[in-house]
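**Student:** If you read the protein sequences in the order shown, they are chains A and B.
Residue 0 is where the first sequence starts when you use numbering that gives the first Met the number 0, and the numbers rise one by one after that.
Residue 0 is where the second sequence starts when you use numbering that gives the first Met the number 0, and the numbers rise one by one after that.
What the hints contain is simulated information worked out from the structure, not anything from laboratory work.
Watch out, some of these pointers could steer you wrong.
Stated by the list, open to error - Under 10 Å between C-beta atoms, here's a sample of chain B residues computed to sit facing chain A: (1) 161; (2) 242; (3) 252.
Unchecked claim - Within a straight-line C-alpha distance of at most 30 Å, the following computed DSS-like cross-link-like pairs (lysine-lysine) qualify: (4) 246/B to 239/A; (5) 246/B to 206/A; (6) 245/B to 258/B; (7) 206/A to 258/B; (8) 168/B to 363/A; (9) 174/A to 246/B; (10) 54/A to 258/B; (11) 258/B to 174/A; (12) 258/B to 110/A; (13) 258/B to 246/B; (14) 230/B to 291/B; (15) 174/A to 245/B; (16) 59/A to 206/A; (17) 301/A to 246/B; (18) 111/A to 206/A; (19) 110/A to 174/A; (20) 226/B to 111/A; (21) 239/A to 206/A; (22) 301/A to 245/B; (23) 206/A to 110/A; (24) 303/A to 246/B; (25) 245/B to 239/A; (26) 170/B to 363/A; (27) 258/B to 230/B; (28) 168/B to 28/B; (29) 246/B to 54/A; (30) 363/A to 303/A; (31) 54/A to 245/B; (32) 274/B to 245/B; (33) 291/B to 274/B; (34) 291/B to 363/A.
Stated by the list, open to error - Over the 10 Å line for every Cβ pair with chain A, so calculated as not near, a few chain B residues: (35) 28; (36) 227; (37) 271.
Here a beta-carbon is modelled for each residue, glycine too, at the ideal position from N, C-alpha and C.
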Amino acid sequence: MDLFEYQGKQYFARFGIPVSPGDVADDVDTAVAVADRVGYPVVVKAQVQVGGRGKAGGIKLADDADAVRTHAGNILGMDIRGHVVRRLWIEHASDIEQEYYASFTLDRSAKKHLGMLSAQGGVEIETVAETSPEAIARIHVDPAEGLTENACREWVQRAQLDPRATDGAVDILLKLYRCYTEGDCDLTEINPLILTPSGEVHALDAKVTLDDNARFRHEDWEEFEGLTVRDPREELAHEKGLQYVGLDGTVGIIANGAGLAMSTCDVVNQVGGQPANFLDIGGGASAQVMANALEVINSDEKVKAIFINIFGGITRGEEVANGIVQALGQVDLRAPIVIRLDGTNAEEGRAILQPHLSDRLRSKPTMLEAAREAVALAGGAQ
Amino acid sequence: MAVFVDETTRVLVQGLTGSQGKFHGLRNKAYGTQVVAGVTPGKGGQDVEGVPVYDSVAEAVAATGANASFVAVPPRAAPDAILQAAEAGIPFVVCITEGIPAQDEARVFNVLRRDFPGTRLLGPNCPGIISPGRCNIGITPGEIALEGGPVGIVSRSGTLTYQALYELKQKGIGVTTCVGIGGDPVPGTSFIDCLSAFEADPETRAVIMFGEIGGSAEEEAAEFIAKEMSKPVVAYVAGVTAPPGKKMGHAGAIISGSKGTAQAKMDALRAAGVKVGLNPTEAGDLMAEVVKSL
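Working from the sequences, and respecting the hints, build out all of it.
**Tutor:** As structure tokens, this is what we get:
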């Protein structure tokens, strides 16, 4: 789960990472009230999960209440690369002497945590990595050992920050590592991490991705829910507990297993069609799960054909077939279905489907043939 | 021969008294696997359809000589279960659990590497391993695998693993061992570990490898294949149509920025001399040609 900046800052604050005083506002009056409270000048920041907010006019400095009123009014409702601004973060503006970059994430290749620190902050780290890779100081942290203060200090020294920033940076990075590990994050990033003229170091931005698998031990994450703007199809799928990713095509996909679902999207693409979604119903899916999956697919008006791709493993073919037949009785479908049923007891499954076959429900023996049929039904190869 | 597990493997199931452990553990036993014990803390002395249950892995090992563990417990209990197996000296641990937090997974991997180098972890979030006709640990339906070789299979995805087994069986091609390494970001056993084992196994004469988007395990495997492998390799990589930044079902199947795309992985594999199919069936056809020419 990706957090908004203000949520990230709230999460940082729980681990003692210094952030600017501020609060959220969903309307202009609240924005002014927050600004009055935290003290001018303030920064009015659009809360959207997309890069390039500043360039789009979503971040403005305001010296007084009138300016806050103007900027908040302009930014609320603004469309930033497809993301409509519904919430603002208002914080006391900081004096910035220098801007740094700091992050922790997992290096899958090394199988260790990777810390990155750079004296060149405030810009995209990918750009720094390309133009001057030597400007990024990296540290691999063994998850079984953790980050020691000595290692952290040595790392900060390698990054060649202003010497006045050293102690503050070491302190924040140790806290950021705790936030990343104990806070179960996939990513924690501060860009920029700033040094003020008075020599203080603090986080001016917060990018946090929480690991959904760790939800069971973080009851406090509930407050972060419900604000992420999802594709309405993904919203419905999420409610029904399905693994779904919305795509832009016309062939709805249902498969059992993440790998097979990805592969099904690929095969549709390979024969000239466009998948409308990725949907994994998992192993041992019941009739109800199949009905839920069909309901989600059916909510997508772009879908012209549905491709159900099942490989019977633990799930037996006849159970899947019964599920589909039952589901057909529960959901009134807008698009015809092509089924490929293979693997364990596939023949029994196909026999169950046989009496129900029609122009609206077709069966094909292989993945490739079924994909071709579904693409043809969706209007042919593009 | 087979890799990692064979007819001499004696398996204990951690979580045998739970629904997953019981269902799959007993299926493995019915397949012919030597399932010798179950472990559930607090339930020692019971049995599950004749398989004795112990309170700890150490007790189960002492009593039965188990040398492999099948971990089928929920995510919050799995990290400790894996480490308990390692502490008891189990050399091969298969963990099918999906949904273990990445922080736990990374910690367990590194604790094993530091303190228990003699223990190999397969998974988590994997379908398991089958040496057809000899041993099946995990959730692979044994009946779709043809025994005898000459092909070794390694795959990140479960259902695609089954697909690979099935495609080969349809063509009358046998399998020495089929290893599902799992779809998580930090798998205990990598493609390279498996490729290296297959290279050393005299009975395996060709390898089929199914990868997917996310991370760089396929690229690393390609480098290994180019440098170290004499046996032919056929591959397929799922996720050509996956959009960046979205987890495609598996926790590890995510394109980060422009990294981890299927195209980059296929390019790397091709450059290493690997024959790459554009879908699982095509990969199966390519492997049939390879087997003919062996």
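**Student:** Each hint needs a verdict: does it hold in this structure or not?
**Tutor:** Hints versus structure:
At its closest, the beta carbon of residue 161/B sits 5 Å from a beta carbon of chain A; the interface hint therefore holds under the 10 Å criterion. The restraint placing residue 242/B at the interface with chain A holds, with a minimum CB-CB distance near 7 Å, inside the 10 Å limit. A hinted interface residue such as residue 252/B counts as satisfied when its beta carbon comes closer than 10 Å to some beta carbon of chain A; here the least separation is about 6 Å, so the hint holds. The straight-line distance between the Cα atoms of residue 246/B and residue 239/A is roughly 17 Å, inside the 30 Å bound, and the hint therefore holds.
Distance restraint check for residue 246/B and residue 206/A: the Cα-Cα separation of roughly 18 Å lies within the 30 Å cut-off, and the hinted pair is therefore satisfied. Distance check on the hinted pair: residue 245/B and residue 258/B sit about 13 Å apart at the alpha-carbon level, within 30 Å; holds. Restraint check for residue 206/A and residue 258/B: the C-alpha separation of about 19 Å stays at or below 30 Å, so the hint holds. Proximity of residue 168/B to residue 363/A is assessed by CA-CA distance (about 20 Å); at most 30 Å being required, the pair is judged to hold.
A threshold of 30 Å between alpha carbons decides the hint, and for residue 174/A with residue 246/B the separation of about 28 Å falls inside it, so the pair holds. For a cut-off of 30 Å, the pair hint linking residue 54/A to residue 258/B stands: about 25 Å separates their Cα positions. The straight-line distance between the Cα atoms of residue 258/B and residue 174/A is roughly 28 Å, inside the 30 Å bound, and the hint therefore holds. The hinted pair formed by residue 258/B and residue 110/A meets the criterion: a straight-line CA distance of about 17 Å does not exceed 30 Å.
Our distance criterion of 30 Å between C-alpha atoms is met by residue 258/B and residue 246/B, whose separation comes to about 13 Å. Annotation: proposed proximity of residue 230/B to residue 291/B holds, straight-line Cα distance about 14 Å (limit 30 Å). Annotation: proposed proximity of residue 174/A to residue 245/B holds, straight-line Cα distance about 28 Å (limit 30 Å). A threshold of 30 Å between alpha carbons decides the hint, and for residue 59/A with residue 206/A the separation of about 19 Å falls inside it, so the pair holds.
Pair hint residue 301/A plus residue 246/B holds up; C-alpha atoms about 23 Å apart against a cutoff of 30 Å. Taking the CA atoms of residue 111/A and residue 206/A, the gap is near 20 Å; set against the 30 Å cutoff, the hint holds. Simply put, residue 110/A and residue 174/A have alpha-carbon atoms about 21 Å apart, close enough for the 30 Å limit, and the pair holds. At most 30 Å may separate the alpha-carbon atoms for a hinted pair to count; residue 226/B and residue 111/A meet this at roughly 25 Å.
The suggested pairing of residue 239/A with residue 206/A holds, with an alpha-carbon distance near 28 Å, which does not exceed 30 Å. Taking the CA atoms of residue 301/A and residue 245/B, the gap is near 21 Å; set against the 30 Å cutoff, the hint holds. With a CA separation close to 22 Å, the supplied pair residue 206/A and residue 110/A stays within the 30 Å bound. At most 30 Å may separate the alpha-carbon atoms for a hinted pair to count; residue 303/A and residue 246/B meet this at roughly 25 Å.
Pair hint residue 245/B plus residue 239/A holds up; C-alpha atoms about 18 Å apart against a cutoff of 30 Å. About 19 Å separates the Cα atoms of residue 170/B and residue 363/A, which keeps this hinted pair within 30 Å; it holds. Note on residue 258/B and residue 230/B: the hinted pairing holds, with a Cα-Cα distance of about 29 Å set against a maximum of 30 Å. Restraint check: the Cα-Cα separation between residue 168/B and residue 28/B comes to about 22 Å, which is no more than 30 Å; the hinted pair holds.
A hinted pair counts as satisfied when its Cα atoms are at most 30 Å apart, and residue 246/B with residue 54/A qualifies at roughly 28 Å. Proximity of residue 363/A to residue 303/A is assessed by CA-CA distance (about 18 Å); at most 30 Å being required, the pair is judged to hold. A distance of roughly 25 Å separates the Cα atoms of residue 54/A and residue 245/B; the hinted pair therefore holds under the 30 Å criterion. About 28 Å separates the Cα atoms of residue 274/B and residue 245/B, which keeps this hinted pair within 30 Å; it holds.
With a CA separation close to 15 Å, the supplied pair residue 291/B and residue 274/B stays within the 30 Å bound. Using a Cα cut-off of 30 Å, the hinted pair residue 291/B and residue 363/A holds, with the two alpha carbons roughly 28 Å apart. At the 10 Å boundary, the C-beta of residue 28/B stays outside the reach of chain A, the nearest C-beta of that chain being 15 Å off. The claim that residue 227/B lies off the interface holds: its Cβ sits roughly 18 Å from the closest Cβ of chain A, which is beyond the 10 Å cut-off.
The claim that residue 271/B is not at the interface with chain A holds, since no C-beta of that chain comes within 10 Å of its own (minimum 17 Å).
When each numbered hint is compared with the structure, no violation occurs for any of them.
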